[in-house]
Amino acid sequence: RKEVEQDPGPFNVPEGATVAFNCTYSNSASQSFFWYRQDCRKEPKLLMSVYSSGNEDGRFTAQLNRASQYISLLIRDSKLSDSATYLCAVGFSGNTPLVFGKGTRLSVIA
Amino acid sequence: NAGVTQTPKFQVLKTGQSMTLQCAQDMNHNSMYWYRQDPGMGLRLIYYSASEGTTDKGEVPNGYNVSRLNKREFSLRLESAAPSQTSVYFCASSEAPMGRELFFGEGSRLTVL
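Protein sequence lines correspond, in order, to chains P and F. The first sequence runs 1 to 110 under the numbering used here. The second sequence runs 1 to 113 under the numbering used here.
If you're looking for bench data, these hints aren't it; they were derived computationally from the structure. Source: prediction; values computed, not measured. Glycine included, every Cβ here is placed at the ideal spot set by N, Cα and C. Check each hint, because a few of them may be wrong.
According to the in silico footprint, chain F covers these stretches of chain P (three or more CB under 8 Å from chain F) [as the list claims (entries may be wrong)]:
(1) 42-56
(2) 77-88
(3) 96-110
Construct the complete structure from the given sequences, taking the supplied hints into account.
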């Protein structure tokens, strides 16, 4: 049973478009949630933490839906530089490592 | 700030050879991790160390050993490399308790012929 699942994509969107990704998790006791960005042949870098109340950072909005057990990432006004793979990560209860999804690939096209 | 530093960044081995990947962090983090990443497989946890003096197996530990040398350093050893271990290896660290955000090194690309 997959603990954290993401649609692998690719999502091909034009510049200026709004795109959203979801990430579902199986453990209802999950306590921490993150979105990472990974550029080709680079390490993952933290994009946003996801709080219960949701959070926004410029063109990026992350939300948590505990009832349906998923987190989402919304990117508005997509830029070419947003092209990357977006990984979600979920922390479960207890002192255990984060579990990562396999990532969703985004390509923003001119 | 160096953050998490991995060495070497690239390595080519022959089947059966051994090598150690080194990782050091300067953020005073308690927890450290080794992942491998293969196309279509995502990040898979090999081993982790919740705190200095402890290590635990992750999802794919076979063929690997680790040493938490001190709070800063966490090494990954391949005793007898196999082609299936060709991958990109990432070291990461986090504050305690685990479940907090991870900070990754730049990765080590290993090819086993």
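Here is how each hint holds up against the structure:
Requiring three or more residues with a Cβ within less than 8 Å of a Cβ of chain F, the coverage given for the stretch 42-56 of chain P holds, as 6 such residues are present. Note: the stretch 77-88 of chain P has 1 residues with beta-carbon separation from chain F under 8 Å; the three-residue rule is not met and the coverage is violated. Requiring three or more residues with a Cβ within less than 8 Å of a Cβ of chain F, the coverage given for the stretch 96-110 of chain P holds, as 7 such residues are present.
When each numbered hint is compared with the structure, a violation occurs for hint 2 only.
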